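S.K.: Following the hints, complete the assembly by docking chain U onto the known chain W.
Chains as they are written, first to last, in our numbering: chain W, 36 to 146; chain U, 861 to 975.
No lab work stands behind these hints, which were simulated from the structure alone. Please read all numbers here as calculations on a predicted model, not as lab measurements. In this text, a Cβ means the ideal position worked out from N, Cα and C, and glycines have one as well. Among the hints, erroneous ones may be present.
As the list claims (entries may be wrong) - Label-pair ranges, simulated between beta-carbon atoms:
1) D102(W) <-> K901(U): 34 to 40 angstroms
2) V55(W) <-> G888(U): 35 to 41 angstroms
3) E91(W) <-> H933(U): 32 to 38 angstroms
4) P49(W) <-> A932(U): 40 to 46 angstroms
5) N922(U) <-> G51(W): 50 to 56 angstroms
6) S940(U) <-> L145(W): 42 to 48 angstroms
7) S104(W) <-> D890(U): 17 to 23 angstroms
To be verified - Here's a subset of chain W near chain U, in silico, CB distances under 7 angstroms, partners left out:
8) L54
9) L79
10) Q132
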Amino acid sequence: KQEVTQIPAALSVPEGENLVLNCSFTDSAIYNLQWFRQDPGKGLTSLLLIQSSQREQTSGRLNASLDKSSGRSTLYIAASQPGDSATYLCAVRDYGQNFVFGPGTRLSVLP
Amino acid sequence: DTAVSQTPKYLVTQMGNDKSIKCEQNLGHDTMYWYKQDSKKFLKIMFSYNNKELIINETVPNRFSPKSPDKAHLNLHINSLELGDSAVYFCASSQGTSGSMETQYFGPGTRLLVL
Numbered sequence: 036k037q038e039v040t041q042i043p044a045a046l047s048v049p050e051g052e053n054l055v056l057n058c059s060f061t062d063s064a065i066y067n068l069q070w071f072r073q074d075p076g077k078g079l080t081s082l083l084l085i086q087s088s089q090r091e092q093t094s095g096r097l098n099a100s101l102d103k104s105s106g107r108s109t110l111y112i113a114a115s116q117p118g119d120s121a122t123y124l125c126a127v128r129d130y131g132q133n134f135v136f137g138p139g140t141r142l143s144v145l146p
Numbered sequence: 861d862t863a864v865s866q867t868p869k870y871l872v873t874q875m876g877n878d879k880s881i882k883c884e885q886n887l888g889h890d891t892m893y894w895y896k897q898d899s900k901k902f903l904k905i906m907f908s909y910n911n912k913e914l915i916i917n918e919t920v921p922n923r924f925s926p927k928s929p930d931k932a933h934l935n936l937h938i939n940s941l942e943l944g945d946s947a948v949y950f951c952a953s954s955q956g957t958s959g960s961m962e963t964q965y966f967g968p969g970t971r972l973l974v975l
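Only chain W is shown next, with the shape it has when bound in the complex:
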């Protein structure tokens, strides 16, 4: 059974810092991995989707990497801004089209 964990559970950084969020999964037979952000009381917004054959994806200040063999993905946020404050979730999909989400990392960027 796939299990997804995220470290740290919460993170508080001053504005302008670069930061890394971690996602680990137990079963490396994944089809893809997505990173989402969730603002309080809101739905999820997809940030990046990495196919199992890819090593990384970039969008603006965000860069996500995937190491399937070690069961890890990282989300790198450059030059963090207060508007980046949210909960970040990773989700893995297997070849049976089952999605498993991690518990999320709650990020606070202080002005």
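M.R.: Relative to chain W, chain U alone:
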């Protein structure tokens, strides 16, 4: 223009009642999903529909039944509501189920409270 919308936003009801939550997407997507986010904020997939066919059905109670009248709608009907059904329910859609088409777009959520 709202991409994925859900109604109602809030739903407070008594145990044993039957209720429905509606979801509509105007993105022209082929696949829609229902997720449950419990009080601990864990998000779990419940169902997904692709071209009106159920392609995922997690081990949810059969009191929950998805109904898709057309490609743009996936409604969630819940019979005999229980206290443990209290959660936030999210609808989502994606263009397809492979490659980059699987990027999901989420609705704002429906907060269900069963008393």
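S.K.: Indicate, hint by hint, whether the structure satisfies it.
M.R.: Hints versus structure:
Between D102(W) and K901(U) the beta carbon distance is about 26 angstroms. The supplied range of 34 to 40 angstroms is therefore violated. For the pair V55(W) and G888(U), the supplied restraint of 35 to 41 angstroms holds, since their beta-carbon distance comes to about 36 angstroms. For E91(W) paired with H933(U), a C-beta distance near 36 angstroms keeps the hint of 32 to 38 angstroms intact. Distance hint check for P49(W) and A932(U): the Cβ-Cβ separation is about 44 angstroms, which falls inside the suggested range of 40 to 46 angstroms.
The hinted range of 50 to 56 angstroms is satisfied by N922(U) and G51(W), whose Cβ atoms lie roughly 52 angstroms apart. For S940(U) and L145(W), the Cβ-Cβ distance of about 47 angstroms falls inside the hinted range of 42 to 48 angstroms, so the restraint holds. Taking 17 to 23 angstroms as the suggested C-beta distance range, the pair S104(W) and D890(U) does not conform, at roughly 32 angstroms. Of the supplied interface hints, the one on L54(W) is violated, with its beta-carbon coming no nearer than about 21 angstroms to a beta-carbon of chain U, more than 7 angstroms.
Interface hint at L79(W): satisfied, since its Cβ lies 4 angstroms from the closest Cβ of chain U, which is below the 7 angstroms cut-off. For the restraint placing Q132(W) at the interface with chain U, the shortest Cβ-Cβ distance is roughly 5 angstroms, inside the 7 angstroms limit, so the hint holds.
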